[in-house]
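Take the two lone chains and join them into the complex the hints point to.
The lines below spell out each chain.
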Amino acid sequence: DQQVKQNSPSLSVQEGRISILNCDYTNSMFDYFLWYKKYPAEGPTFLISISSIKDKNEDGRFTVFLNKSAKHLSLHIVPSQPGDSAVYFCAARVGSQGNLIFGKGTKLSVKP
Amino acid sequence: DTGVSQNPRHKITKRGQNVTFRCDPISEHNRLYWYRQTLGQGPEFLTYFQNEAQLEKSRLLSDRFSAERPKGSFSTLEIQRTEQGDSAMYLCASSKGQGGSWPQHFGDGTRLSIL
Numbered sequence: 001d002q003q004v005k006q007n008s009p010s011l012s013v014q015e016g017r018i019s020i021l022n023c024d025y026t027n028s029m030f031d032y033f034l035w036y037k038k039y040p041a042e043g044p045t046f047l048i049s050i051s052s053i054k055d056k057n058e059d060g061r062f063t064v065f066l067n068k069s070a071k072h073l074s075l076h077i078v079p080s081q082p083g084d085s086a087v088y089f090c091a092a093r094v095g096s097q098g099n100l101i102f103g104k105g106t107k108l109s110v111k112p
Numbered sequence: 001d002t003g004v005s006q007n008p009r010h011k012i013t014k015r016g017q018n019v020t021f022r023c024d025p026i027s028e029h030n031r032l033y034w035y036r037q038t039l040g041q042g043p044e045f046l047t048y049f050q051n052e053a054q055l056e057k058s059r060l061l062s063d064r065f066s067a068e069r070p071k072g073s074f075s076t077l078e079i080q081r082t083e084q085g086d087s088a089m090y091l092c093a094s095s096k097g098q099g100g101s102w103p104q105h106f107g108d109g110t111r112l113s114i115l
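So the protein sequences, as listed, match chains A and B. At the far end of the first sequence sits residue 112, using the numbering used here, and the numbering has no gaps. At the far end of the second sequence sits residue 115, using the numbering used here, and the numbering has no gaps.
No lab work stands behind these hints, which were simulated from the structure alone. All clues given are correct.
In silico SDA-like links for lysine to any residue, alpha-carbon gap of 20 Å or less:
id	chain 1	residue 1	chain 2	residue 2
1	A	K104	B	A88
2	A	K38	B	R9
3	A	K5	B	L39
4	A	K38	B	N7
5	A	K107	B	T38
6	A	K68	A	G95
These numbers were taken from a predicted model, which means no experiment stands behind them.
Same shape as in the complex, but just chain B (with noise of 0.2 Å):
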């Protein structure tokens, strides 16, 4: 199995700018999560989906922030607007199932910086 891919691994833009993030999951995994990372602390979950439903939303994911996986495939999570509170690691996950015994397998994430 190839693992989870997300790209860019870095970006840093100016704070009003919008930015897209990207992820690959495992083949046939068909669940897929995004959490953000701040420093000292754990991930944090923002949404996952099933094939290509949206199934949850964290409080933490605002209106400036969308997230979508068209054909169940890859995914892409997208911030308008950034903010300097934007800055963190955003993390993509995907699992084959619900179950424990499905664990998720993380990407190496995307690290956002806003000026």
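In isolation and in its complexed conformation, chain A is listed as follows (with noise of 0.2 Å):
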């Protein structure tokens, strides 16, 4: 039972534009959500996060909206740029426990 799903294993964008990855989850229970960068051979980057109370959250290029009516969010990226290039992870966390739960990524790849 798959409680982050990534519906889009891949992503093409170019440069310059916007990217918009989605997100969508079914545990009502979850609080907090992240979005992670991963390049190869690297461990997962935190880009940025958002409380289950808010609907936006914005640092610098990066903005994530929640939609918890839907269960969803979304992570845009403006402009965005080669080196975004990388596969990129929701995750969440229920707020009792400590573990994050991933989604299976999505391979953004911006082309110049």
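Structure (structure tokens):
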């Protein structure tokens, strides 16, 4: 039973355009959501997070939107740069537990 | 801050052998987590520590797996009698606390290959 789903295995975007990565979840007990970026042969790097009591969080070129009623969140990257090419993981946390539950990831390719 | 450090980066061993991995978290991070990642999947939680106490274990952590954090600093993950299915990337992460405002920071992992 996959509680965090990233239904698009890959996404290709032109440099300078917006990249939108999507994530759906099923557990209404999740209280925090995080996005990680992963380059080959490296561990995941934390990008941005959002509490379940908010609907938007912004950090530079990265914005995360949360729609609790739809159990959906998205990561917007504007403008996209070739260095953003990586696998992006959506993760969620239940407040009473320590662990994160990850989606399978979306591979973003930003073409010059 | 130096990041989370994991050793070795790669481990190749024969089926049935025991292996041990080490993780050095970011200093002053009291929480330490172990995850496993296989090809095409996201990281899957194995276990975590708050200081030296092991607070939660996943059902993925069979009795062949044991983790320790003896002094609340570095941690080791041991796999006994390795099996083909143990081949994966083993990731360690640390955080200052439990709250979402303290995200987990990951090391680069130890890739285990079972021959």
